[in-house]
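Line by line, the protein sequences give chains S and L. Just so you know, our numbering puts 1083 at position 297 of the first sequence, and the rest follows in order with no gaps. Just so you know, our numbering puts 301 at position 124 of the second sequence, and the rest follows in order with no gaps.
None of these hints come from the bench; they were simulated from the model. Each hint should be verified, as a subset may be incorrect.
Said to hold, decoys possible - Listed below are the simulated SDA-like cross-link pairs for lysine to any residue, each with C-alpha atoms no more than 25 Å apart in a straight line: (1) S:827 <-> S:882; (2) L:308 <-> S:1365; (3) S:1360 <-> L:232; (4) S:914 <-> L:284; (5) S:1351 <-> L:337; (6) L:308 <-> S:915; (7) S:915 <-> L:335; (8) S:1360 <-> L:229; (9) S:914 <-> L:322; (10) S:1351 <-> S:1336; (11) S:914 <-> L:229; (12) S:992 <-> L:232; (13) L:308 <-> L:335; (14) S:992 <-> L:322; (15) S:914 <-> L:326; (16) S:914 <-> L:334; (17) S:1316 <-> S:945.
Treat the numbers as computed from the prediction; the structure is a model and nothing was measured.
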Amino acid sequence: MPKLIIDDIAVEVADGSTVLEAAQSVDIPIPHFCWHPALGKAGACRVCAVKMLEGPVKGIQMSCMLPAQEGMVVSTTDPEAVAMRRNVIEWLMINHPHDCPVCDEGGECQLQDFTIAGGHGIRRYTGKKRTHVNQYIGPDIEHEMNRCIQCYRCVRFYQEYAGGCDFGVMGSAGRVYYGRFQDGRLESPFSGNLVDICPTGVFTDKRARFRARYWDYDMAPSICPHCSLGCNITPVARYRELLKIVARRNDPVNGWFICDRGRFANDEVNERQRPRSPEVDGRETTYDEALEALLLRVGEAEELYGPGSMAIVGSSRLALEAAALLPQLAQSSAAGALCYFTLQAEGDRTLAAYELLSAGKSASLNDVRESDCIVILDCDPLQDAPMMALALRQAWRSGAGVYLVGGGIELPCEFTRVATLDAVPLAEAKRSVIIYGTKGYNGVTTVASWLTGIAPNFTKGGLPGNLKLACLFPGPNSFAAALLSREHGAVSLEEALADGGIKGIIAVEADIPEQLLEGVRFVAVLDWRKTATVQAAQIVIPTTAWVEMDGTYINNEGRSQRFKKVMNPGVPVKGEGPPLHPPHIHRSVAPGGEARPAWQVVAGIIEGLGGERITEPLSGQWEYLRELDAESRGVMINDL
Amino acid sequence: MRILSDIAAIMTGMWITWKHMFRRPVTVQYPEEKRQPYPRYRARIVLTRDPDGGERCVACQLCSAACPVDCITMQSAEGDNGRRFAEWFRINFSRCIFCGLCAEACPTLAIQMTPDFEICKRDVMDLIYEKEELLIDGCGKSPDYNFYRHAGIGVTQPRGTGVEEMPPVDVRGLMP
Ligand code: SF4
Ligand code: SF4
Ligand code: SF4
Ligand code: SF4
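Make a model of the complete structure from these sequences and hints.
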């Protein structure tokens, strides 16, 4: 733990930290381009110069390359260091185009910030600028090479961190070029991180191309809903349009990055045709009328078919707030079934996986990154949860063994195929993780029986060594759905429908296969996506998408995380009204802005059915989650 | 003698009044008579075009960010020719305080103040000017500047042929 003094402030940092990190730890900013916490040092940009006054080294040094050592006295404000940084930035700007007004990075550009911070304002160089030809690198990312400052961040991320091999650095001297050998879509499923990681505007998100500026963005901390890992994101919106999604740091979970599936996913939210206003029998109505119609039909169903003829169906993508209210809804509507899963197989497997996780110790993505032995069993991380694949690549990079039981999948690192779990040298590992899935595989049972074999009482905390388990669930809130299912004795819809007693369904953000709906007389759907179930329903009440509300998801390790409302619901302004400009009309509700969070609609139904008025969806056992901070690391359900 | 100095003061004032009765009046009989303000007078705002006739505004949102009363709104978009432009651009003149900060912030010299101060409407909604009403057919006060020639990213000209640019480098070349 070396102690050093930076700008008269005494700092103590962990062994192996750099002077730059030491300065950051006490909020002394040092400009830097090539250094990145997840990528480490490269010493390429020369902009983090500081002056070492005392200690083992003296003079101007690059703070990102220099390990912090005992007795160092560092000055970031020494005139020599300040002049060095100013000059370096001036050199970096020599070839930089004069195009900030038409650059999407403008306003959120590290180069802009550090140029201003470095004190370079007026161009003195009178020579010509070198230029480059851009490449087409796919439908998601725009490439503008003239803006590059040769920091090597992109290629270090793409090749070393993410294991991509179709993007690299070419050329020599003043011509270094960062791109592909020839035009074509970037192949890595993590390519979108280039947008975040490039300190200037070489890579920008095509979906948000020429749409808005940083200072106008609607932003809030949020959680990715596209798989069960619960990566932290910041969605960016403007004029009721979701423009882009950027990664948000959460060290135990996704670290600094997210995958392309989670990033390039705005179309669904911006879809004009998604359910925007309530409908009864295909006719648009108001929210109150739709609610009335729904209550009427629930009553009718009871009259015609007797009590217990309704089923309440939730799903793995339903936020905890609404999911936790469903048992109450089932009770007040005298429903015959409460379901969180539609298909029996899906329900059984998810529940089994959940039980296994609650018995064992669940591994966070960071545990995977730091593990030294990883077993992958009956799942496909790159498909089911891409960031899991990136995490295990990091473990492999620091020397972990990666074992694949069976085969048939790709991984972004080297791995050993083994026939069974017994062939993996788990006993020698210090921090091992078994990753398994629930999607049509039999991983859960294999892991369970293997664990019973080596540790008969593992359910009581007897897991060997530091063995942890990671499960890839199908949805962002599968863990909560399984937990609630277990608690309230829910069955899958398939089972509930088997005896033919169910005649009506209230589906809350659930996707129900068509064949299951055959014998059902009445379907009411609360959803924000235009699913087949919505099309088959008689009553549709629109709910808000996850970016349009506050909510909670519990991820695959049982970590509950809060997402905040980013934007108001409503049809995007883009494409609305007269072609040249939105209409000059005063309105209190935006068109299509009547959608409410699912839990509020559910609460409305419960109240309409004679239940109590619910103003706070998280009550009882969930009460402690009310104050959950969206910017925290989340709260582990099993710890409580 | 206080009274004497008071009389003297009154007489001096009266004398000045008297003198002015025989001078040419400076009052302008607006609106029958109109005065041309100086070119740098800050009144109604226009969007100008570059010398090649293209829309200068690139919808960079700097004017709307600079505006202290937030009366500029726009939506940027990409044109078929690759130009960034304002799909719609509106200034709410019922809010504008004609401070000129927008014109000062504009990197393309698109938004400019004109001396036309006569903007009164019976309906306040008519004071919301859209791009069609703002965009004029000339360059306004800076007839030479075309932002895209200097931008360095080749939109109005092939890459590497703008002002102070070298032709694109051959990445695969081996010369030092
Ligand atoms: S493209 Fe961006 S990240 Fe890559 S070297 Fe250039 S400036 Fe750095
Ligand atoms: S890994 Fe899953 S949660 Fe993370 S960004 Fe990708 S889809 Fe979203
Ligand atoms: S600052 Fe100029 S170029 Fe930018 S949006 Fe305003 S008028 Fe257009
Ligand atoms: S003149 Fe001032 S108040 Fe009017 S639009 Fe420009 S910045 Fe805003």
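Cross-check of the supplied hints:
The suggested pairing of residue 827 of chain S with residue 882 of chain S holds, with an alpha-carbon distance near 23 Å, which does not exceed 25 Å. For the suggested pair residue 308 of chain L and residue 1365 of chain S, the alpha carbons sit about 12 Å apart, so the restraint of at most 25 Å is met. Between residue 1360 of chain S and residue 232 of chain L the CA atoms are separated by roughly 21 Å; this keeps the pair inside 25 Å, and the hint holds. Simply put, residue 914 of chain S and residue 284 of chain L have alpha-carbon atoms about 21 Å apart, close enough for the 25 Å limit, and the pair holds.
With a CA separation close to 44 Å, the supplied pair residue 1351 of chain S and residue 337 of chain L exceeds the 25 Å bound. Proposed proximity of residue 308 of chain L and residue 915 of chain S is contradicted: the alpha carbons are some 35 Å apart, above 25 Å. For the given pair, residue 915 of chain S sits about 15 Å from residue 335 of chain L by alpha-carbon distance, which is consistent with the 25 Å threshold. With a CA separation close to 29 Å, the supplied pair residue 1360 of chain S and residue 229 of chain L exceeds the 25 Å bound.
Between residue 914 of chain S and residue 322 of chain L the CA atoms are separated by roughly 19 Å; this keeps the pair inside 25 Å, and the hint holds. For the hint linking residue 1351 of chain S to residue 1336 of chain S, the alpha-carbon distance of about 5 Å falls within 25 Å, and the restraint holds. Taking the CA atoms of residue 914 of chain S and residue 229 of chain L, the gap is about 24 Å. The hint holds against a cut of 25 Å. A threshold of 25 Å between alpha carbons decides the hint, and for residue 992 of chain S with residue 232 of chain L the separation of about 23 Å falls inside it, so the pair holds.
Only pairs whose Cα atoms come within 25 Å are accepted, and residue 308 of chain L paired with residue 335 of chain L is rejected, the gap being roughly 29 Å. Taking the CA atoms of residue 992 of chain S and residue 322 of chain L, the gap is near 29 Å; set against the 25 Å cutoff, the hint is violated. For the suggested pair residue 914 of chain S and residue 326 of chain L, the alpha carbons sit about 14 Å apart, so the restraint of at most 25 Å is met. For the hint linking residue 914 of chain S to residue 334 of chain L, the alpha-carbon distance of about 16 Å falls within 25 Å, and the restraint holds.
Among the hinted pairs, residue 1316 of chain S with residue 945 of chain S is inconsistent with the structure: their alpha-carbon atoms are about 38 Å apart, more than 25 Å.
The structure fails hints 5, 6, 8, 13, 14, 17 (numbered hints given earlier, in ascending order).
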